[in-house]
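Chain by chain, the residues:
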Amino acid sequence: MQPKPFENQLAEQEMACHECDLLVSFPELEPGSAAVCPRCDYVLTKRHQNAMERLLAFSVSGLVFLLMSALYPFLSFSANGQERVVTLLQSLDVLADEQQVLLALLIMVVILIIPAAFLMGVVYVIGGLKYGAVLPPYGRRVLRFILALAPWSMVEIFLIGTMVSLVKIASLATISLGMSFWSYIAFTVLMTLVLLHLDKVQVWSWVENSEY
Amino acid sequence: MSIRQSYSHGSAARSGLLLCHHCGKTQSISEVACVRCGTPVHVRNANSIQRAWAYLITAMVLYIPANMLPIMSTTFLGKTSSNTILSGVVTLWEHGSYPIAMVIFIASVLIPIGKLFVLSWLCFMVQHRSPLLMRERTLLYRITEFIGRWSMIDVFVVAILVSLVHLGNLMTIYPGPAALSFAGMVIATMLAATSFDPRLIWDNYDGE
Chain A
397 MQPKPFENQL AEQEMACHEC DLLVSFPELE PGSAAVCPRC DYVLTKRHQN
447 AMERLLAFSV SGLVFLLMSA LYPFLSFSAN GQERVVTLLQ SLDVLADEQQ
497 VLLALLIMVV ILIIPAAFLM GVVYVIGGLK YGAVLPPYGR RVLRFILALA
547 PWSMVEIFLI GTMVSLVKIA SLATISLGMS FWSYIAFTVL MTLVLLHLDK
597 VQVWSWVENS EY
Chain B
244 MSIRQSYSHG SAARSGLLLC HHCGKTQSIS EVACVRCGTP VHVRNANSIQ
294 RAWAYLITAM VLYIPANMLP IMSTTFLGKT SSNTILSGVV TLWEHGSYPI
344 AMVIFIASVL IPIGKLFVLS WLCFMVQHRS PLLMRERTLL YRITEFIGRW
394 SMIDVFVVAI LVSLVHLGNL MTIYPGPAAL SFAGMVIATM LAATSFDPRL
444 IWDNYDGE
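In order, the protein sequence lines correspond to chains A and B. Quick note: the first sequence uses my numbering, first residue 397, plus one each step. Quick note: the second sequence uses my numbering, first residue 244, plus one each step.
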């Protein structure tokens with residue numbers, strides 16, 4: 397379903413710049429184009445090709461990979477005949493055992509809980525808009541919540557951190573990468589794609605248009 | 244600090260309009276909550292500069308234990324040694340792991356310190372109503388906001404090492420108290436960046 401144009405039927409729309417408050421008018425945007433503030437170069441809003449379909453595809457597959465990376469072994473480490481295999485959750489458990497409960501919780505929230513909640517929210521709201529043609533119950537609240545969560549997802553940073561640690565200990569022992577590690581990489585790519593395709597202004601205009 | 248009464252030429256505020264920070268709906272300045280998404284709206288973030296300073300000072304305070312205390316300690320064949328962030332970088336460098344040493348140095352030392360300086364300077368300039376370098380300051384703010392989260396790399400490195408290298412006296416890595424202080428510091432600077440309202444930079448713009 398293409399969102400029904402209502403207010404956006406006007407050839408020009410006015411929007412204040414998020415970063416310098418300049419009032420900018422711009423015509424209806426074609427998919428693949430963006431509106432940029434002439435005063436401070438801030439990207440006001442972007443339109444993507446088949447944004448709804450892509451968002452749904454990326455978030456659903458992202459969730460599958462996230463589930464896989466939570467279940468399977470993440471990394472294994474062996475030296476002098478001793479081997480140690482850890483899953484993502486076990487690795488946080490070790491941290492909690494070392495009197496670092498707060499740190500373990502914080503990491504779990506930014507690498508698993510926030511990204512999972514975010515993707516589920518995207519599926520719920522966009523899926524409802526696309527297949528139900530209306531905003532699902534509590535849709536506004538869910539959308540506000542997940543958009544506020546988005547900046548606190550640290551999936552890609554965690555992945556780089558993991559790679560740095562692997563390089564650091566590669567000389568000490570034999571490292572093998574588990575199924576979970578590879579799914580986490582796939583999940584990171586998909587999460588990034590979702591964030592790139594999710595334009596707040598666009599999503600809220602879908603919500604607005606779904607109500608008429 | 245008083246709230247500025249004048250806004251720049253061409254700004255939405257001068258036309259009696261404001262933007263919802265959350266959903267991007269432009270609406271009348273008299274609204275209290277966004278007409279579209281219900282988020283509370285403000286012409287400028289409430290107490291933006293005071294809040295930014297509060298978070299910045301918190302971050303500066305947390306940065307002290309984050310650097311003085313050990314971030315992790317390593318037991319290797321029964322011998323234990325502790326490392327702070329900086330001594331860890333030095334050790335890596337001496338062992339010839341230059342790329343890793345650089346990554347950790349940039350993420351844990353350069354970015355956090357740079358971020359504290361940049362945000363302090365941005366707050367200072369707004370408080371002094373400076374009309375200088377507005378485009379550059381906005382760009383600097385954007386970079387700071389984008390790059391800040393990357394400082395968390397070191398915290399994740401500690402977490403992975405601690406959970407993986409756990410072979411008793413043969414080889415074990417323990418987390419140090421600096422890891423939590425450092426994570427707190429990164430979060431405080433992220434909150435400082437969110438509190439700072441870049442629109443304040445432009446309120447003294449009087450060009451056309």
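No wet-lab data here; the hints were simulated from the structure. Errors might be hidden in some of the hints.
[Unchecked claim] Where chain B lies over chain A, by a calculated footprint (3+ residues, C-beta under 8 Å):
| id | stretch |
| --- | --- |
| 1 | 449 to 460 |
| 2 | 537 to 543 |
[To be verified] Distance ranges between label pairs, derived from CB positions:
| id | chain 1 | residue 1 | chain 2 | residue 2 | range |
| --- | --- | --- | --- | --- | --- |
| 3 | A | I509 | B | I300 | 37 to 45 Å |
| 4 | B | G357 | A | D489 | 29 to 37 Å |
| 5 | B | T334 | A | A582 | 52 to 60 Å |
| 6 | A | P533 | B | G339 | 21 to 29 Å |
| 7 | B | S373 | A | A475 | 56 to 64 Å |
| 8 | B | T282 | A | L463 | 41 to 49 Å |
| 9 | A | Y527 | B | M311 | 52 to 60 Å |
| 10 | B | I300 | A | Y527 | 31 to 39 Å |
| 11 | A | V563 | B | F389 | 43 to 51 Å |
| 12 | A | F541 | B | G411 | 40 to 48 Å |
| 13 | A | M516 | B | G357 | 21 to 29 Å |
| 14 | B | T282 | A | E426 | 22 to 30 Å |
Everything numeric in this text was worked out from a predicted model, so none of it was measured. Beta carbons: idealized from backbone N, C-alpha and C, even for Gly.
Among all the numbered hints in the text so far, which are the ones the structure does not match? Hints 1, 3, 5, 6, 8, 10, 11 and 13 contradicted; others consistent.
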